[in-house]
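Asks: Listed below are the residues making up each chain.
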Amino acid sequence: MASTSALLDNRRRLAAIVWRRPWLRTAALLVPPVGWMLLLYVAALAALFVYAFWGIDVFTTKVVHTWNLDNFREIFESGAFRGVIWRTIWIAAAVTATCAVIAFPFAYFMARVATPRVRMVLFILVLLPLWSSYLVRVYAWKVILAQDGVLNWSLEKIGLPAANIGYSNTAMWLVFTYIWLPFMILPVYAALERIPHSYIEASRDLGGRGLTTLRRVILPLALPGVVAGSIFTFSLTLGDYITPTLVGGAGSTFIGNVVYSTGLGSAGNLPFAAAFASIPLVVMGIYLVLAKRSGAFEAL
Amino acid sequence: MRKVRVRHAFVAAVAVALCVPTAGVGKADGISSITKVGQTEGALSMIGWEGYAQDQWVKPFVQKTGCKVNRKYAGSSDEMVTLMRSGGGGQYDLVSASGDASLRLIYGGDVATVDPKLVPDYKNFFKTFQSPPNNTIDGQHYGISLQWGPNTLLYNTKKVSPAPTSWGAIYDPKYKGKVTVPNNPIQIADAALYLSKTNKKLGITDPYELTKPQFDAAIALLKKQRPLVKKYWGLASDEIALFKNGDATIGASWPYQTNTLQAAKVPVKDLIPKEGATGWLDTWMVSKKAKHPNCAVEWIKWVSTPTVQAQQALYFGETPVNRLACKTMDKLAKGSCAQYHANAPESYYRSIKFWKTPVADCGNGRKDCMDYSKWVTAWTQVIS
Numbered sequence: 064m065a066s067t068s069a070l071l072d073n074r075r076r077l078a079a080i081v082w083r084r085p086w087l088r089t090a091a092l093l094v095p096p097v098g099w100m101l102l103l104y105v106a107a108l109a110a111l112f113v114y115a116f117w118g119i120d121v122f123t124t125k126v127v128h129t130w131n132l133d134n135f136r137e138i139f140e141s142g143a144f145r146g147v148i149w150r151t152i153w154i155a156a157a158v159t160a161t162c163a164v165i166a167f168p169f170a171y172f173m174a175r176v177a178t179p180r181v182r183m184v185l186f187i188l189v190l191l192p193l194w195s196s197y198l199v200r201v202y203a204w205k206v207i208l209a210q211d212g213v214l215n216w217s218l219e220k221i222g223l224p225a226a227n228i229g230y231s232n233t234a235m236w237l238v239f240t241y242i243w244l245p246f247m248i249l250p251v252y253a254a255l256e257r258i259p260h261s262y263i264e265a266s267r268d269l270g271g272r273g274l275t276t277l278r279r280v281i282l283p284l285a286l287p288g289v290v291a292g293s294i295f296t297f298s299l300t301l302g303d304y305i306t307p308t309l310v311g312g313a314g315s316t317f318i319g320n321v322v323y324s325t326g327l328g329s330a331g332n333l334p335f336a337a338a339f340a341s342i343p344l345v346v347m348g349i350y351l352v353l354a355k356r357s358g359a360f361e362a363l
Numbered sequence: 002m003r004k005v006r007v008r009h010a011f012v013a014a015v016a017v018a019l020c021v022p023t024a025g026v027g028k029a030d031g032i033s034s035i036t037k038v039g040q041t042e043g044a045l046s047m048i049g050w051e052g053y054a055q056d057q058w059v060k061p062f063v064q065k066t067g068c069k070v071n072r073k074y075a076g077s078s079d080e081m082v083t084l085m086r087s088g089g090g091g092q093y094d095l096v097s098a099s100g101d102a103s104l105r106l107i108y109g110g111d112v113a114t115v116d117p118k119l120v121p122d123y124k125n126f127f128k129t130f131q132s133p134p135n136n137t138i139d140g141q142h143y144g145i146s147l148q149w150g151p152n153t154l155l156y157n158t159k160k161v162s163p164a165p166t167s168w169g170a171i172y173d174p175k176y177k178g179k180v181t182v183p184n185n186p187i188q189i190a191d192a193a194l195y196l197s198k199t200n201k202k203l204g205i206t207d208p209y210e211l212t213k214p215q216f217d218a219a220i221a222l223l224k225k226q227r228p229l230v231k232k233y234w235g236l237a238s239d240e241i242a243l244f245k246n247g248d249a250t251i252g253a254s255w256p257y258q259t260n261t262l263q264a265a266k267v268p269v270k271d272l273i274p275k276e277g278a279t280g281w282l283d284t285w286m287v288s289k290k291a292k293h294p295n296c297a298v299e300w301i302k303w304v305s306t307p308t309v310q311a312q313q314a315l316y317f318g319e320t321p322v323n324r325l326a327c328k329t330m331d332k333l334a335k336g337s338c339a340q341y342h343a344n345a346p347e348s349y350y351r352s353i354k355f356w357k358t359p360v361a362d363c364g365n366g367r368k369d370c371m372d373y374s375k376w377v378t379a380w381t382q383v384i385s
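Line by line, the protein sequences are chains A and B. For the first sequence, the positions run 64 to 363 when my numbering is used. For the second sequence, the positions run 2 to 385 when my numbering is used.
Careful, some of the hints might be misleading.
[What the hints assert, rightly or not] With beta-carbon atoms standing in for the labels, derived distance ranges:
no.	chain 1	residue 1	chain 2	residue 2	range
1	A	W99	B	L236	54 to 62 Å
2	B	L236	A	L344	24 to 32 Å
3	B	G67	A	G348	36 to 44 Å
4	A	A157	B	G110	42 to 50 Å
5	B	G31	A	L344	32 to 40 Å
6	A	F139	B	A361	23 to 31 Å
7	B	Q263	A	V105	50 to 58 Å
8	B	G110	A	L344	33 to 41 Å
9	B	P214	A	I349	52 to 60 Å
10	B	G67	A	A90	53 to 61 Å
11	A	S141	B	K275	34 to 42 Å
12	B	A361	A	S141	52 to 60 Å
13	B	R367	A	G98	51 to 59 Å
[Unchecked claim] Partial chain B-side listing against chain A, Cβ under 8 Å, derived:
no.	residue
14	L119
15	P121
16	N125
17	K231
18	N246
19	D248
20	Q382
These are computed hints drawn from the structure, not numbers from a lab. Even glycine gets a Cβ: it sits at the ideal position worked out from N, Cα and C.
Chain B extracted, bound-state conformation (with noise of 0.2 Å):
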């Protein structure tokens, strides 16, 4: 009895043994480019922003691939960055990076260079999203361009009156209490562009690029606001509750909440205030540790094609980088193409100002620009 029970152990070990091998095969050092596509290998993991990866085009990417998708939300562009890094990356093949965290992967030897031309609709894509700054380097592409949309002002139409037109709203001690911002350190942009407009002597030409004056006084501009703030909202859906509970009457917002409480009628409209608007361009970005490459590499492909634009855009109120959804927009809701300016010369595109990370060197030659690291600091010291 006692032979029989240690044979059995030891097949159970060898098994085991012969099992870890195979399993445990792997790249050391991981792809750094990716210029073809092969077999897809049935899984996918992908880190996105709420609501990114919607049944309503992963269940066919799914049947057409075979590719399982386990998707994962984030709630900030740090954290998308923290995840991709942990367990020492290589546990989430793409992400879908915004242009705040973007250059931090791409330095940070995080994500492989992709080929565009294994995305059959890149040439489809608007001039401007087809090599952005956020994603290209020395023509080197770091992923594919996705959707974009810019920080808008909602507001509740019965509670603020007259509707505001200007980004002042949001620091006026009028709504005291009433005010919800995202708790997001490239939220000190948003502050520069409005002193850009309301105070020239300060000289800021790029919100992303500001010298210690210009972000002593974007800084100071948003410790005067912290009174007036309810909350610092986190998720998407927090906003969307304080503005449901009347918590919050006037605030900075995506599109996707404005459609969110519009649905759920709650009387909310938002718009691009007169001082212009940040705005954020996602791209898919592939992990240099990617497990399942080639199931990325078909996801992207898929999410570029017009109806899966058209769909995500409608889905999120975000607005498509491919030039073709914008007639399957206006097929699943009229007049959508032209609402998100999904058909807007290049010029318009050209003027929304566009998340970046901030670095030191910003090309006055004389690397005297507040970096990423000092933002952060300084932002968290804001909300403390």
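Looking at chain A on its own, in the form it has when it is part of the complex (with noise of 0.2 Å):
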């Protein structure tokens, strides 16, 4: 009993110096979750950044721990890997510009102009490729886009010459616009289904036509769900590596195989994986803080 008591005394000292102390509340609060993303997050990414500036032993491909830019000079004097950057960056811009242009005449039906039991069916549509696997789906298109498979089988069936399309960047374009699709979807219907209906009858009232109206009212207010939903797109592109290993034909390396490739498959250079892995994380900075500027994160 008197332990029971000496423990509530405690309870109500503690309880005491915190409220007396607000700021000690806060971290106390904010620890836990500040202290898990320095850990897991940053940590790893610190790793990274560390690692990129060191070199490896070639034969024994053991890691040397002495500071050089030697990896990043080797990226950027080869003409091949700013190739590949080069490769990653505008693919992925492709993909996002066309996940945005179906995206927004899809979403802007679901939200404004289907009837609630239309809207469940197609946001259906739309999550069920999500509940398959992303493995199965890749290697679905590889055997649709393959010589002998069923693309070119339907082309020849309607007496169409067939397109030579496997393996290749289009291959890859095709197959990545497919698979991000929904996440370019949901943010912008989020954000057409947002715009209150009085704006678009004063736009009408001032005499707004539909396409002035779409143009200088609901355009410019979904915005911020197309850039929101571009960070998806152009985020998972770039950091992508097995569609283009599965789809991808001889000239169609991303950032992602060269990082597998030294790091893992070839010669075990985690250095040199490590300092290429960080420009993606570059690319992604620019993109984000733009993105910020447009207003994109208040869609989110």
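With the hints as a guide, bring the two chains together.
Replies: So this is what it looks like as structure tokens:
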């Protein structure tokens, strides 16, 4: 009994201390999430950056802890590696643009035209592919686009020449667009749904026709949603290496493939892989700063 | 109630504390050489090429020795080296290292020496494979040879005519977009072998010992080849899919793919072109930090026996190192012994340019050969 009252005393004293110093309470609340974040997220990134400035012993492939910029010099002096970076960014941008163009009318229909029942069906259709494995869906495309695959078979049946797009950058663009489309539709839908109907009525009252209303009212208000979606599609494409491995061809190496082949596959050159891996990080950083300026994070 | 719980927790904690040391006991410095084989440990984990641990010969092994086999298939020599070192080594007991990986494992201090006397069938091996330079250094055997095979030219007989006779076919613009070659830096040696026969001015004598100008010529040839390539294949199954679906009609291959494709009624054939061929020789190597070294040696003994040698040779389409396997091969598939050159004279084996890790010191006294890291960098840039 005595110990219980002592415990209660302690508890009361602690409450009093925290009440008197509000910053202490804030600190106690913040330590677990911030610590978690630092430990799991920042620590890994920091290790990556540190590794990027090391090198390896070429024969035994063991890491040598001497600081230098050789990895970065090697990346930027090589035309092939610059080509890989450029290709990755370019295809990620193309995929993002394509997703936006397809997603906007779709999301618009869902948010403003469809009845609740149709909207629900569309929602399920958008989310349905996400229920199955990413790998299986990419593999399915590999089979569709192969030389003797479903696509060419269908084209032949209707008398068209075979499309020779299996194992190429075109194939990658197509597959990426298919895979990341839901990640664009959902934020655009959310943004469109939030536009009050009164805004559109006001536009009409002021003599704005359909196209003018779309251009001057709906599009600017939906833009943060598009930018939010583009963060997903752009970053997911930028970091992917499985789709290029499966449906890409001889000139389809992505940043992720170089990281994989130099880090794990070839030579086990982790420092070089780390240096290469920090490039999409920088690209994404720039992209996020630009996205923040457009107010995209309010629509997330 | 509360007291009981505390006591339970205490008992559990003590139990855990007692268990940890017994589980953690191990030799800190690892095994440097294996000279005798003792009681088997009941388990064995290995890294092998796709198909190297088939149930056909794994099941009888488990029955015989009680070593439960845990297998992991790797797609490239580089992956094997990385896997052997992952987690500080010791996750895997054995690796079927090819010649382009074995020297790296030896000089990296990852593998132990194995006394060939432990393997009764060793004396029946062809001489070439008893102490080959890719697993034996200064008379020390870092593992026991397993099987070998050539890197062949594979083509679709319906789409490619006349039948090719030279490696020149995979550098021929005629087959633009239909060529496939392995995604492996050692592939540079194939280009060098082709150049050694077609461009004598370069003076290439060994495709793994290339000076800067010779190396640059090989890389230039490979860069010219890239626009012709449909895909650089990673796993054998990738190349099989490419030929099955008509995406590739000609390419560099192993006999395994030919066998699998022919079994699936795909019209393909393979050959060793007139320039000759590079080849691989695989060695089972034991990790210095192996947790089950006795099971590992039992496995090496088992796969060296004529029967398993023959079974594996026929399954994978490769050639045994044990000369006694010939009879069993013919029993399993008539004429297969001669087909795979399992009874050829030693001079034949010496004509194949077996994979080895390129090093700077290539015996010309100047140490100016391109080492493996240069091969990797150049290869990454060729395919990117």
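Asks: Are the hints correct? Go through all of them and say.
Replies: Structure-based check of each hint:
no.	hint	result
1	A/W99 to B/L236: 54 to 62 Å	38 Å, violated
2	B/L236 to A/L344: 24 to 32 Å	30 Å, holds
3	B/G67 to A/G348: 36 to 44 Å	56 Å, violated
4	A/A157 to B/G110: 42 to 50 Å	47 Å, holds
5	B/G31 to A/L344: 32 to 40 Å	37 Å, holds
6	A/F139 to B/A361: 23 to 31 Å	26 Å, holds
7	B/Q263 to A/V105: 50 to 58 Å	55 Å, holds
8	B/G110 to A/L344: 33 to 41 Å	34 Å, holds
9	B/P214 to A/I349: 52 to 60 Å	42 Å, violated
10	B/G67 to A/A90: 53 to 61 Å	58 Å, holds
11	A/S141 to B/K275: 34 to 42 Å	35 Å, holds
12	B/A361 to A/S141: 52 to 60 Å	21 Å, violated
13	B/R367 to A/G98: 51 to 59 Å	57 Å, holds
14	L119	27 Å, violated
15	P121	34 Å, violated
16	N125	34 Å, violated
17	K231	5 Å, holds
18	N246	4 Å, holds
19	D248	5 Å, holds
20	Q382	4 Å, holds
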